[in-house]
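Participant: Listed below, chain by chain, are the residues.
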Amino acid sequence: MSLTDTSQKAVDMAVHTGIDPLLFGITVLVLACFIGYYVVWSVTPALHSPLMGVTNAISSVIVVGALIAAGPAESNFAQIMGFLAVILASVNIFGGFIVTERMLAMFKGKKKGAGK
Amino acid sequence: MSATMSSLLYLVSGVLFILALRGLSSPETARRGNRFGMAGMLIAVTTTLALPQVESYGLIVLAITIGGGIGTVLALRIQMTALPQLVAAFHSLVGLAACFVATAAYFNPEAYGIGARGAISMGSLIEMGLGLAIGAITFTGSIIAFGKLQGIVSGKPVTFTGQHMLNLVIGLGLLAAIAMLVMTNDDALFWAIFAAALVLGILIIIPIGGADMPVVVSMLNSYSGWAACGIGFTLGNPLLIITGALVGASGAILSYIMCKGMNRSFFNVILGGFGGDDAVAAASSSDGDKTVKQGSAEDAAFIMENADSVVIVPGYGMAVAQAQHALREMGDMLKARGVTVRYAIHPVAGRMPGHMNVLLAEANVPYEDVLELEEINRDFAQTDVAFVIGANDVTNPAAKTDPSSPIYGMPILDVELAKTVLFIKRSMASGYAGVQNDVFFRDNTMMLFGDAKKMCEEVVQSLD
Chain A
1 MSLTDTSQKA VDMAVHTGID PLLFGITVLV LACFIGYYVV WSVTPALHSP LMGVTNAISS
61 VIVVGALIAA GPAESNFAQI MGFLAVILAS VNIFGGFIVT ERMLAMFKGK KKGAGK
Chain B
1 MSATMSSLLY LVSGVLFILA LRGLSSPETA RRGNRFGMAG MLIAVTTTLA LPQVESYGLI
61 VLAITIGGGI GTVLALRIQM TALPQLVAAF HSLVGLAACF VATAAYFNPE AYGIGARGAI
121 SMGSLIEMGL GLAIGAITFT GSIIAFGKLQ GIVSGKPVTF TGQHMLNLVI GLGLLAAIAM
181 LVMTNDDALF WAIFAAALVL GILIIIPIGG ADMPVVVSML NSYSGWAACG IGFTLGNPLL
241 IITGALVGAS GAILSYIMCK GMNRSFFNVI LGGFGGDDAV AAASSSDGDK TVKQGSAEDA
301 AFIMENADSV VIVPGYGMAV AQAQHALREM GDMLKARGVT VRYAIHPVAG RMPGHMNVLL
361 AEANVPYEDV LELEEINRDF AQTDVAFVIG ANDVTNPAAK TDPSSPIYGM PILDVELAKT
421 VLFIKRSMAS GYAGVQNDVF FRDNTMMLFG DAKKMCEEVV QSLD
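So the protein sequences, as listed, match chains A and B.
Mapping of the first sequence onto the working numbering: position 16 corresponds to residue 16, and the numbering continues sequentially without gaps.
Mapping of the second sequence onto the working numbering: position 387 corresponds to residue 387, and the numbering continues sequentially without gaps.
Keep in mind that the hints are not guaranteed to be accurate.
[Unchecked claim] When the alpha-carbon atoms are kept at most 27 Å apart in a straight line, the in silico DSSO-like pairs for lysine-lysine are as follows:
hint: 1; chain 1: B; residue 1: Lys335; chain 2: B; residue 2: Lys454
hint: 2; chain 1: B; residue 1: Lys290; chain 2: B; residue 2: Lys400
hint: 3; chain 1: A; residue 1: Lys108; chain 2: B; residue 2: Lys335
hint: 4; chain 1: B; residue 1: Lys400; chain 2: B; residue 2: Lys293
hint: 5; chain 1: B; residue 1: Lys260; chain 2: B; residue 2: Lys156
hint: 6; chain 1: B; residue 1: Lys335; chain 2: A; residue 2: Lys110
[What the hints assert, rightly or not] Label pairs and their in silico Cβ distance ranges:
hint: 7; chain 1: A; residue 1: Phe34; chain 2: B; residue 2: Leu42; range: 22 to 30 Å
hint: 8; chain 1: A; residue 1: Glu74; chain 2: B; residue 2: Leu172; range: 38 to 46 Å
hint: 9; chain 1: B; residue 1: Ala429; chain 2: A; residue 2: Asp20; range: 54 to 62 Å
hint: 10; chain 1: B; residue 1: Leu51; chain 2: A; residue 2: Asp20; range: 19 to 27 Å
hint: 11; chain 1: B; residue 1: Gly173; chain 2: A; residue 2: Ser42; range: 39 to 47 Å
hint: 12; chain 1: B; residue 1: Thr4; chain 2: A; residue 2: Asp20; range: 13 to 21 Å
hint: 13; chain 1: B; residue 1: Gly115; chain 2: A; residue 2: Ser42; range: 37 to 45 Å
hint: 14; chain 1: B; residue 1: Asp443; chain 2: A; residue 2: Trp41; range: 36 to 44 Å
hint: 15; chain 1: A; residue 1: Trp41; chain 2: B; residue 2: Ile170; range: 29 to 37 Å
hint: 16; chain 1: A; residue 1: Glu74; chain 2: B; residue 2: Asp186; range: 20 to 28 Å
hint: 17; chain 1: B; residue 1: Tyr408; chain 2: A; residue 2: Pro21; range: 44 to 52 Å
hint: 18; chain 1: A; residue 1: Ile19; chain 2: B; residue 2: His325; range: 51 to 59 Å
[Unchecked claim] Chain B stretches covered by chain A per the calculated footprint, using a threshold of three residues with CB under 8 Å from any CB of chain A:
hint: 19; region: 15 to 23
hint: 20; region: 39 to 50
hint: 21; region: 223 to 233
hint: 22; region: 353 to 359
Hints are computed from structural coordinates only; laboratory data are not their basis.
Positions of the beta carbon are idealized from the N, C-alpha and C atoms, including for glycine.
I would like the entire structure built from these sequences, with the hints used as guidance.
Facilitator: In structure tokens:
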């Protein structure tokens, strides 16, 4: 392959596929880390337990990967893995959100607390 | 559904997750935040189900029903005192799920568009290997943390010579195996990484003592996020990367706050061995001739009834005794008599971040009455009674005065500055750090020996 071909190919890639997916992923990662840093520091210490509950629930977003693995119509080893992963992630999603909801429902201020 | 459409919906889902965390900045907005989180998850799942390559709906509905059913029952049944165990158990599931997804991607890469079986692209293999390793460490590590919190595994640190060296060797071995996997695409290496990471997860948690579990649970929370991130790179899915980073950052910050609350470095906690037998032996030798003043529930009731202000300092012992409801009843009766009652929470009180706040909220204590260390510490000098229930090390003035103490430099609640200190304890045994607490022997301290819950109930009876 000549040098011109190689550089032409690089130009094609840049035009048609945009930036390298890995670089794109890293961009997203770095920005998300900054958002996470500022958002989490603003969480009041009294709600650190619910914070763990809700982060636990949303980290189960890997269910997206599990669903794709469990998705194909034909059965294979990968599909069984996906099936199991969907079960595990679902335990977390339902459990995490519900336990967080239970915790948050208990935090009452003076006005509401007096009514109960 | 087109790729553009699904990408946009995943973005919406990511934004909703950010708002879910943002809502936790105040108890008023927190529940709305949690709803945002649920909506985000619903959108993410529905979007994925609408992808063309997802066809086996029967199987998927079955899996979600089984998992969702188990999760719902667990979350509704769990006692609030057992929250740390539940969270640790949930982390282990995220870890294992990440391993399964990595395995599925490795054995059926076509489904994710990352190459063919045996010829997966290099970048994807690295991400997959890391996701698998972190997931496996999270899985077994969380199981050990769960065991220690539940009392199935001894809370004592398990240490042996060469422990850290062994962990280091396994860790480096893991990285080497991932590098070799990238070059050879060998299935045996894939399983070797899985197995080694499972073992490493156990080894890094066993040397850490029971009361350091808040740091461990936060750290594993962080790991589960990074595992999701690794899988997100493999799948080229920004939603997983965003969410993984949010969770990873959250766990890391919580670990940092916990470590600061103990004035110990993260490495000091992680390398473990704290609160072992040596410290206990050293501490118990020096308190032979000191005497304590012992009181009864009636005395405590009388003192608090005649006080203007009472600050209650709860600790893990309150959770163990399930004393929060009796304690709140006591607080209400004192309030009815015109006493100002507030609660002081140390950052590391309990077995997970914010544990005490949840228990007090469960007992219907208004959150305005519950204050953090920095908010309340200056007020102890003007407080009539400090009522310590189930806490010990976090009130120990040795942290300020004795440079040789293992807890030296740890921020503490200055209970000894209050006019009277009432200290509920089952016995004179030292706390987790194995250090004797000088507060016991002060003239203004009265020890109330007994079970925390029973003692509160007796005080309530005396107040009646």
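Participant: Now tell me if each hint is right for this structure.
Facilitator: Evaluation of the provided hints:
1. B:Lys335 - B:Lys454: With a Cα-Cα distance of about 20 Å, the restraint between lysine 335 of chain B and lysine 454 of chain B holds, given a limit of 27 Å.
2. B:Lys290 - B:Lys400: Cα-Cα ~21 Å, so holds.
3. A:Lys108 - B:Lys335: holds, 18 Å
4. B:Lys400 - B:Lys293: The hint holds at about 23 Å.
5. B:Lys260 - B:Lys156: This hinted pair holds, its Cα atoms lying about 22 Å apart.
6. B:Lys335 - A:Lys110: At roughly 13 Å apart (the allowed maximum being 27 Å), lysine 110 of chain A and lysine 335 of chain B satisfy the hint.
7. A:Phe34 - B:Leu42: 22 to 30 Å: holds, 27 Å
8. A:Glu74 - B:Leu172: 38 to 46 Å: holds, 40 Å
9. B:Ala429 - A:Asp20: 54 to 62 Å: holds, 60 Å
10. B:Leu51 - A:Asp20: 19 to 27 Å: holds, 24 Å
11. B:Gly173 - A:Ser42: 39 to 47 Å: Check passed, 40 Å falls within 39 to 47 Å.
12. B:Thr4 - A:Asp20: 13 to 21 Å: holds, 20 Å
13. B:Gly115 - A:Ser42: 37 to 45 Å: holds, 41 Å
14. B:Asp443 - A:Trp41: 36 to 44 Å: Given a distance of about 42 Å, which is inside 36 to 44 Å, the answer is holds.
15. A:Trp41 - B:Ile170: 29 to 37 Å: holds, 34 Å
16. A:Glu74 - B:Asp186: 20 to 28 Å: holds, 26 Å
17. B:Tyr408 - A:Pro21: 44 to 52 Å: The hinted range 44 to 52 Å holds for tyrosine 408 of chain B and proline 21 of chain A, with Cβ atoms some 50 Å apart.
18. A:Ile19 - B:His325: 51 to 59 Å: holds, 58 Å
19. 15 to 23: holds (count 5)
20. 39 to 50: n = 6 at 8 Å, threshold three: holds.
21. 223 to 233: Satisfied; 8 residues make the cut.
22. 353 to 359: n = 5 at 8 Å, threshold three: holds.
Hint compliance for this structure: no hint is broken.
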